[in-house]
Structure formats: structure tokens, C-alpha cells
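Protein chains: 2
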Amino acid sequence: MLGRITLQRCSTTLATFVRCCPLSAQANSFTYRTHTCGELRRHHAGEKVTVCGWVEFNRLNRFVVIRDAYGHVQAFVPDGQESISAAVKNITYESVVKVTGTVTERADKHKNPKMVTGDVQVDIDSFEVLNTAPATLPVSLRKETEVSSDSALRLKYRYLDLRKPQMQQILRFRANLVHRMRRYLTEEASFVEVETPTLFRRTPGGAAEFVVPAGKPNIGRFYSLPQSPQQFKQLLMVGGLDRYFQVARCYRDEGSKLDRQPEFTQVDLELSFTNQEGVIALIEQLVCQSWPDEMTELRPSAPFERMTYADAMRLYGVDKPDLRVNWQIEDISASLSSLKKESNDDWCARVIVAKGAAKSLSSKWRKEAKRLIGMNKFAQPFAVCTLKDDPLFKAALSNQDFLREKLNLQEEDAAVICWGTPADVQKTLGQLRTLLIEATGVRNQKKMVFLWVVDFPLFDREEDDQLVSAHHPFTAPAPGQERLLFDGNPEEITAQHYDLVLNGVEVGGGSIRIHDAATQRHVLKNILREDST
Amino acid sequence: MLGRITLQRCSTTLATFVRCCPLSAQANSFTYRTHTCGELRRHHAGEKVTVCGWVEFNRLNRFVVIRDAYGHVQAFVPDGQESISAAVKNITYESVVKVTGTVTERADKHKNPKMVTGDVQVDIDSFEVLNTAPATLPVSLRKETEVSSDSALRLKYRYLDLRKPQMQQILRFRANLVHRMRRYLTEEASFVEVETPTLFRRTPGGAAEFVVPAGKPNIGRFYSLPQSPQQFKQLLMVGGLDRYFQVARCYRDEGSKLDRQPEFTQVDLELSFTNQEGVIALIEQLVCQSWPDEMTELRPSAPFERMTYADAMRLYGVDKPDLRVNWQIEDISASLSSLKKESNDDWCARVIVAKGAAKSLSSKWRKEAKRLIGMNKFAQPFAVCTLKDDPLFKAALSNQDFLREKLNLQEEDAAVICWGTPADVQKTLGQLRTLLIEATGVRNQKKMVFLWVVDFPLFDREEDDQLVSAHHPFTAPAPGQERLLFDGNPEEITAQHYDLVLNGVEVGGGSIRIHDAATQRHVLKNILREDST
Numbered sequence: 001m002l003g004r005i006t007l008q009r010c011s012t013t014l015a016t017f018v019r020c021c022p023l024s025a026q027a028n029s030f031t032y033r034t035h036t037c038g039e040l041r042r043h044h045a046g047e048k049v050t051v052c053g054w055v056e057f058n059r060l061n062r063f064v065v066i067r068d069a070y071g072h073v074q075a076f077v078p079d080g081q082e083s084i085s086a087a088v089k090n091i092t093y094e095s096v097v098k099v100t101g102t103v104t105e106r107a108d109k110h111k112n113p114k115m116v117t118g119d120v121q122v123d124i125d126s127f128e129v130l131n132t133a134p135a136t137l138p139v140s141l142r143k144e145t146e147v148s149s150d151s152a153l154r155l156k157y158r159y160l161d162l163r164k165p166q167m168q169q170i171l172r173f174r175a176n177l178v179h180r181m182r183r184y185l186t187e188e189a190s191f192v193e194v195e196t197p198t199l200f201r202r203t204p205g206g207a208a209e210f211v212v213p214a215g216k217p218n219i220g221r222f223y224s225l226p227q228s229p230q231q232f233k234q235l236l237m238v239g240g241l242d243r244y245f246q247v248a249r250c251y252r253d254e255g256s257k258l259d260r261q262p263e264f265t266q267v268d269l270e271l272s273f274t275n276q277e278g279v280i281a282l283i284e285q286l287v288c289q290s291w292p293d294e295m296t297e298l299r300p301s302a303p304f305e306r307m308t309y310a311d312a313m314r315l316y317g318v319d320k321p322d323l324r325v326n327w328q329i330e331d332i333s334a335s336l337s338s339l340k341k342e343s344n345d346d347w348c349a350r351v352i353v354a355k356g357a358a359k360s361l362s363s364k365w366r367k368e369a370k371r372l373i374g375m376n377k378f379a380q381p382f383a384v385c386t387l388k389d390d391p392l393f394k395a396a397l398s399n400q401d402f403l404r405e406k407l408n409l410q411e412e413d414a415a416v417i418c419w420g421t422p423a424d425v426q427k428t429l430g431q432l433r434t435l436l437i438e439a440t441g442v443r444n445q446k447k448m449v450f451l452w453v454v455d456f457p458l459f460d461r462e463e464d465d466q467l468v469s470a471h472h473p474f475t476a477p478a479p480g481q482e483r484l485l486f487d488g489n490p491e492e493i494t495a496q497h498y499d500l501v502l503n504g505v506e507v508g509g510g511s512i513r514i515h516d517a518a519t520q521r522h523v524l525k526n527i528l529r530e531d532s533t
Numbered sequence: 001m002l003g004r005i006t007l008q009r010c011s012t013t014l015a016t017f018v019r020c021c022p023l024s025a026q027a028n029s030f031t032y033r034t035h036t037c038g039e040l041r042r043h044h045a046g047e048k049v050t051v052c053g054w055v056e057f058n059r060l061n062r063f064v065v066i067r068d069a070y071g072h073v074q075a076f077v078p079d080g081q082e083s084i085s086a087a088v089k090n091i092t093y094e095s096v097v098k099v100t101g102t103v104t105e106r107a108d109k110h111k112n113p114k115m116v117t118g119d120v121q122v123d124i125d126s127f128e129v130l131n132t133a134p135a136t137l138p139v140s141l142r143k144e145t146e147v148s149s150d151s152a153l154r155l156k157y158r159y160l161d162l163r164k165p166q167m168q169q170i171l172r173f174r175a176n177l178v179h180r181m182r183r184y185l186t187e188e189a190s191f192v193e194v195e196t197p198t199l200f201r202r203t204p205g206g207a208a209e210f211v212v213p214a215g216k217p218n219i220g221r222f223y224s225l226p227q228s229p230q231q232f233k234q235l236l237m238v239g240g241l242d243r244y245f246q247v248a249r250c251y252r253d254e255g256s257k258l259d260r261q262p263e264f265t266q267v268d269l270e271l272s273f274t275n276q277e278g279v280i281a282l283i284e285q286l287v288c289q290s291w292p293d294e295m296t297e298l299r300p301s302a303p304f305e306r307m308t309y310a311d312a313m314r315l316y317g318v319d320k321p322d323l324r325v326n327w328q329i330e331d332i333s334a335s336l337s338s339l340k341k342e343s344n345d346d347w348c349a350r351v352i353v354a355k356g357a358a359k360s361l362s363s364k365w366r367k368e369a370k371r372l373i374g375m376n377k378f379a380q381p382f383a384v385c386t387l388k389d390d391p392l393f394k395a396a397l398s399n400q401d402f403l404r405e406k407l408n409l410q411e412e413d414a415a416v417i418c419w420g421t422p423a424d425v426q427k428t429l430g431q432l433r434t435l436l437i438e439a440t441g442v443r444n445q446k447k448m449v450f451l452w453v454v455d456f457p458l459f460d461r462e463e464d465d466q467l468v469s470a471h472h473p474f475t476a477p478a479p480g481q482e483r484l485l486f487d488g489n490p491e492e493i494t495a496q497h498y499d500l501v502l503n504g505v506e507v508g509g510g511s512i513r514i515h516d517a518a519t520q521r522h523v524l525k526n527i528l529r530e531d532s533t
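So the protein sequences, as listed, match chains A and B.
Note that the working numbering gives residue 483 to position 483 of the first sequence, counting from 1, and the numbers run on in steps of one.
Note that the working numbering gives residue 375 to position 375 of the second sequence, counting from 1, and the numbers run on in steps of one.
With the rest of the complex left out, here is chain A (with noise of 0.2 Å):
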């Protein structure tokens, strides 16, 4: 068997309720300050300290706030220490400075009730500037990081962007869900964590791979970066190892994408003696158990929801579901037969009643969604409605009242109807079905949805009507099924190949393997027509 993790889209999705502060005594360890910025209380008082950071801010020369990962202290500077005084008034923001001083409390006027160390502030002894900040930052560190602002200055300065709290947050959030994902692979379920090469022969029909010419001796010759250490772990598997997994990075030559980065991470295991029910297990106690205490509210419990390829195409259109919102999409064709073309042989309608969605429908959404949806080649006609909207439909409906009766739309609601053929209205009302649920700003909502789709397809059918595979050659047929790959018609079979959904993401999956060299070796030559040898 087969599982996987997406690392980036795993911890974006939960990263987005994390507000994470790092409070460990051990920070200080091995190095020359005493405290971080962020844990003086007021039982430090009288006690010497030396803190390091960033300058955060200035206020009359006097007063110095300074900045770590761990949080923020005001420095003070005495009364008559006029070196010091000089320093300050001449530092720059972000500059990095050392400074040791007594810790006081301040007086109760001064105290700063939105700061964790406001109630105290380190009266300046010694202060020394590691290194000096230009006057001016080509980007700002005082504004919240959003995704999409300036997002090439972003990454141009990132050794600056790094600084912003949400930065250090996610890198953090990440580095402990890792950690605790390991932590339950090695101890408590005895995988072996095993490094593969990333420098491997290419994979004959592989897609878009990094290719790495060889050094001497080898001119001439090249390597392939992977894309999953796949062949790697199935070696494992035959090697008796029958435990694996791998924090893997993976390389994939087809441009950036918003989840996807030419090369990405992903938490890769494989078992040996299993079936999907062991699998599927697995995975639900590994992410229920690695789960973040920073976010323990939102701890799923297994087992997880599951639904079948066919239902998720059928009820939503796509196959990862969100399932924060329950809209399915409906048959309306016999209510809106008048827009059937004579020729239109496989016609249908369908809608998606969106509750509470009437409010997200700017003008702004509107516009961008026919754009999105305009640039699909499946691209089917639709409309967006609500019961204020100029009826659309008014014109094609036998039912004036349809919209109100037939739908039951309130006043809150939108209707997303679509005609044409099934297949293609099913995929656009899938993707206006996503479009509108980003826009309800459900996103924000402290809410995590995991789903298992089950009972993929094992083949499709390419246009020259040769099958190929869904996912990849190596997938086992679901139990009782193999005869069909033999004597049956092979685009009926399920495979045992799963995805694991969360709130829409695809942030996983895995299938079972076939394990027969026999079987293999007719599904390679006699179904897919590849060269098996």
C-alpha cells in the first residue's frame, strides 16, 4: 500500500487558525542572552538580563522596543547614561541589537496591558548594536502579511518577510506537526524512517521530470530528480522492510502553482501485508494523533466520512468535496426544457442551491467567475441568481414561482443553475460550486472537514479509446474484481485507491498495490499497452 501526506497543502489548511507563541525556557540554552523578548514577567524584577533582537520601535529616544521570535520587551534608558542615549538615537529599525540591563517594574500608569511584557522593561546597562538596518526597508514589516501582496518584493527580501510573526508561525506550525507526525510513525506505530536517493534513472513515461546531467566520469549520462520516491519504497517492500515512511521530497517540472511548487514535501509511507481498511486506519490515527494542541477544538476523530468517487461527481461535481457547506447540485431539466436545443440529445440542468450565499455575490465574484469558468474547455453556459436578482429565468421557467417554489430560495440564498451536457455541467457546477464557497468566507470559519473518497475508477478512457490509468499502473483492483482486468470490461473496475479530502483539499491519499508480477504484467502489456519489459 501506498499513502502520502501533502505537506504545504496539510499545513496552509491548518496553519490558517494558528496563532502559536513560542515560550520555551530552553531557547536560551547555549546561547549569550538570558531571557527571550517575551518572557519577562513581573517576577523578573531586579533581576540582571541580556536579551537580543530586532529594534522594533523608538519613542524619543528613550524608550526601545525590542523584537525576537518569541515575542517583545520595552528597554529603557536611564537617566545621565549618555553613550547610551547616543546609541539609541542614532539606531535604525530592524537593526539587531544585545542589551543587558536590570529588569523594574513600571509604574502603573506605564504599564502596557496588550503586551505580555508590558508589565515590566528592561532599564538599559549595556547596549550594543550587532548590526545596523538600513534607514529605509524595501518592504514593510508593520502590515499583516496577506498572500498576494507584492508577493515577488516578498519573496526578493524574504530574509525580511521572515521577520512578520505570521511568518514565523507557519514555519514553526509546520516544523511541530511534522515532528509530531514522526513522533507517532517511529513510536507508536514502528515505522522506519528511510532516506531515498533523489538522484535516480527516468522514469519511461514519467511526467515532467528535472533531468541532471552526470559529472565526469559519467558525461553524457543524466540523472532524473524523483517525483515521489515511489520505486524507492516498493524496493523497500521487497527488502522486507516492511514499515516505511519518509518526510520525501519530491520534484515535479511543471511551473509553480498556488499548492504545488516545482519541488514539494510530502510525508510518504508504505506497509506491507495490509489492505485500504489498514491503510485508511493509519492514516486517521496518524493525523488525529500528530494533531496540533494549538488546535485541539478542531481535533478530528476517526473514523473520518467517507463517500465514493461516483457520489462525490455526482453531488458536487468534483472529486474533492468541501463538505463545510452541505449544497448539492439538484436535476432541474424538465423545469428549464425551453433552453433545450432540438439537437441537444444528452441534455440536462442542474442547480446548486447555496444557502446563506446571496450576501457573496458581488459584482467583482460574478465577473471573475465567468472569467474562471470561461477559460475550461468543458465550459458550459450558467447563471447565478437570487430571488432580488431580475429573474434570469423568468422568460425560460413554465413556473414564474420557480426559484421560491420549486427550489424553495430564500431571501439569503443564490441558485447556481447550468445547462448542457451532464458530464460538463456537472465539472462547472463543481467549480462555481468551490468559487462560491471561497467567496462566504468560510475559510475563516474554525472548521475541518476530512473525507475519504473512495472507489475511483481503476482505468479511463483517452479520446483513441485506449485506457489508461486513473492514478498509476501499480493500483490494485478492488477485492473480487480482478477477474474483470482478465474477462470483464476493465473500465467497470474500482480501484483500491483513496484521496483524502480536507475542507476541499486534496491533502492525501494512497491506494493498495498490486503485488502479483503476473497481474502486473498483463495490465502493463495487454490493457495499458506500455512496455512491461
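Derived by calculation from the structure, the hints in this document are not laboratory data.
Where hints are given, some of them may not hold.
With a cut-off of at most 30 Å between alpha-carbon atoms, the simulated DSS-like pairs for lysine-lysine come out as follows [said to hold, decoys possible]:
no.	chain 1	residue 1	chain 2	residue 2
1	A	K427	B	K377
2	B	K111	A	K216
3	A	K109	A	K156
To spell it out: a stretch of chain B is covered by chain A in this simulated footprint if at least three of its residues, at any positions, have a beta carbon under 8 Å from a beta carbon of chain A; those stretches are [stated by the list, open to error]:
no.	segment
4	215–221
5	264–276
6	293–306
7	514–526
Predicted, not measured: the structure shown is a model, and the values here were computed from it.
By construction, the Cβ of each residue, glycine as well, lies at the ideal position given by its N, Cα and C atoms.
Chain A is already provided as a structure; the job is to place chain B on it using the hints.
Chain B in isolation, oriented as in the chain A frame:
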């Protein structure tokens, strides 16, 4: 600061002594086996079990030994089970089988005390062949693994080679060691693991890097695979992430060596606001705290021994001396002055008295030592002799009893003598010392000697008189020596660089970085004459 531990060297050095046998109840979770082949004991008698594994042995077609990564167990074909009997008769060694049956205690005379499961057997109810191995295997799994034996064949059939218990142990040992290091760094020392990119831009002046042509839309441009995450982690420090580590894949297009392949892995870490003592203490804690349970008796204790680079070169002729033996270099120029040619101004003769090494001086070893030393461009004439040798130097020595009286050589000792220019004599003796240590079999002694080598020179002078960095241009001078960068002899500067040596192998090291931009610019531009823009 920077620190790193090269994993392959470290785990290869440590794994020499490991004989761990994984035994874990969780190893059966999520599988259809009930037990591993290594865990059945007398108290399981009467239980119905399923084990899966590889056919190790077949006696009389009735007793089949099944092996998995956790051990092996005997399965027994009961009387009258014709179909099982037939299957067992046809089974080939290394075929994969699933066996269900009842655990029974063997009669006392049939118990096998050499086998941990030797008190019991599994009386077979069902014998399923999951996959059949060919009758003849290309490599034998019976032999003990030796590094040198048929290495090409072993690599070609890696999936068979990995089935050997020793290979399984090395993989598991390494995984365990790395997991303990991660736990220490994350949980005890508040470090954050960050994955840095491996598709990077080329470092000017870097050693042989692998180059990766970019695909669309960047055709004609190139990535490069980094030799280490050095630049990324420095950016992380600038970005305020003050305690970073990574188990990092590194790439060097320099061909394979026994202890370094084109891609290798190191535990890579960086810490802000620290000094050399801080980093050394951190790495000592990392090593001691993550020390494997399987070899507690060899656990080192901090602080480790230290030695200056100058002393290492003077006493041992290498910068990574193996201190499992205390043989040191001594000067005997005066005694051997008759070997000196008049033209030699800069001449010396030196000796290592290798206590107890006489028995290791086979003629094969002498021949091989001569060949290896002869390959050096700095090779100097040398002799290796014992009291039993017809003394090679009799004529040359003013005192006939030189070996016995001056060097206090005993019957069991060897003397390694070399003469020529001091620098080359040191290097030659250093190499001969290492070769002789190997020959004495000290490798098989249970002994772990850690050593810090410190106070390396910051710069070396090239033949064209240009100064170059002894390690890399970002290394800081020792405290108090900064001014020598500007108005002194840079060759006299010692660096804040330190290597960790284990049994003569450099397993790690690090350096404090220059954090001041003006100093760094001065080093690059005025001392190294590099383009620092």
C-alpha cells in the same frame, strides 16, 4: 554559528557495534498478520496466529522457516494436509508467504535454543503464497555481508541485499539515531526544523555542483543543487528564526567516495547569539542525549577532549587524529643525521613508536602501505620496522641499539620512521599511522573516542601567494584577533572553526560566522580578492 554532523559517517562508525533486534507489538498494527516472525514464545501456545514473511529454509517439505525483519519462526505441515504439503513442496527460498496456524510448543528434543522462537512452531492451517521467487537467486542471502564483496552485484540486487539482517539493522539504527537527534533538538533545545529548497541558484566559486536545466517557461536557465543549506540557514537567522536545524540533503558532483556519495545527508544546524563554547556544548549534548540505547556502555560524556590544530598536526600528522591509540610523532633528526644529504637545509627525521603493532606488519600490509604512500605528491622515504627485522637502519644509526634503547622498542612494537622536509614527513607519518591503526584491528574494539580539533588557521597561502580561506570566507577570527585582519599578518589568525572527530573520522564541525557586514566585505575584497558585490 554553524554546526553539522555528517550522518553517513556517524552512523557507519556507530553501527559497527549494533546488534539491535526490533521487537514491537505495534509492528502488527494495521496489518493482517497477528504476530511478527520474531515474537512467538511458549506462552503463545494454543493461539491462532497469522505470520507473513520470506521462506528462509525448508526441511523435508514439512518444516518451513519463515523470516521477516523481526526474526524467524518455524511452520510445520501437519499430517494429512495434502494441499499444504504440495504448496510447501513447490515453494522456493525467498518466496513471500502468509501462514495461518496454531502455535504449539515443540517437544523438548526438538526445541532449538539457538532460535529465539525455537520453543514453538506454527502448525499450518493455511499456506498462501503471495509471490514466488525464482529457483535461483542472483545473490546469496546466506553469507555475512562484507562491504567489499561483490558490491556491484549487491547494488544491482539491492532489494535482495536489504533482506540481510545486517542491512535491516543499519537502516533501523540510522532511523533511530536521527529520530533521537530530532527529539533532542526539537523538544529539549527548542530548535525549529525548516526544510530549505534544493533547487537553487549557482554559487560563484563553489565546488562541483550539479546543474539542473529549468523547464518551461524558463528554458535556457539553470538551477543548481546546493552543497549545503548554508545560505538558506544564514537567511533564516537574518529572518529572526534563531534556532534552526534540518536533516539536510546535500549534493556534490565529485564522484563517490567510501564515505561520501554525490548526495549525502547531514544534521545541519544554526544558532543566533552564541559563541564557539555554546555551539560545542550544544553538539556535545546532542551526541550524548541522542546516544543509542543499544550501546549505552560506549556513551561518551561531555565535555569531549580538545586539541589545537597545531598540536594535532605536530603530534599525529593529521587534523583528525584517531586517539584510540596514543602513538605520537617524535623527532629523531639528531640520531638519523647520517641520512641527511648536505643540500637539505630543511630536513628532519621523525618516528612513531606503534606499541603492540608488530604483529600487524604483514608483508602484504607493507606492500600496500608503500603503494599508497607512493601515490602522494608529498611522499617521503620511510621505513617500518620491528626489533625482529634485520634492522634497516643499522648502518645509518650512530648507536646500534637505537631502536631498543633510544625508542624503547619492545618485541611487540613497531617503529614507523620517515625523513625529509618537516611538513611532508608529518603528513606521511600521519597517513602511515592511520594505515597501521586500521591493520591492528582497533576498529573491532568497542571504543569511541570523540575529539574536538580547534584553532584552525583562518587562511592558507596558495602557491601564487594569494590567501585563501582554510574553510570558507564567512568564518570569524578568534575573539581578539579581528584587528589582525586589518593591520597584521592574516596568516597568524586562528579561526572560530572546530571539527568533531570520532575514532579518526571527521563526523561534524562548524564555525562562528562573521556577522559584521564591513568585516565580511573586507575579508572578501581585500584579503581574498573575491568579487564581493
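To see whether the hints hold, each was checked on the structure:
Between A/K427 and B/K377, the direct Cα distance comes to roughly 71 Å. Violation of the 30 Å bound is thereby established for this hinted pair. Proposed proximity of B/K111 and A/K216 is contradicted: the alpha carbons are some 57 Å apart, above 30 Å. Between A/K109 and A/K156 the CA atoms are separated by roughly 43 Å; this puts the pair beyond 30 Å, and the hint is violated. Closer than 8 Å: that is the beta-carbon criterion, and the segment 215–221 of chain B has 3 residues meeting it against chain A, so the requirement of 3 holds.
For the segment 264–276 of chain B, the stated coverage by chain A holds: 6 residues have a C-beta nearer than 8 Å to a C-beta of that chain, and at least 3 were required. With 0 residues carrying a beta carbon less than 8 Å from a beta carbon of chain A, the segment 293–306 of chain B misses the three-residue requirement, and the given coverage is violated. Counting residues of the segment 514–526 of chain B whose beta carbon lies closer than 8 Å to any beta carbon of chain A gives 3, which reaches the threshold of three, so the coverage claim holds.
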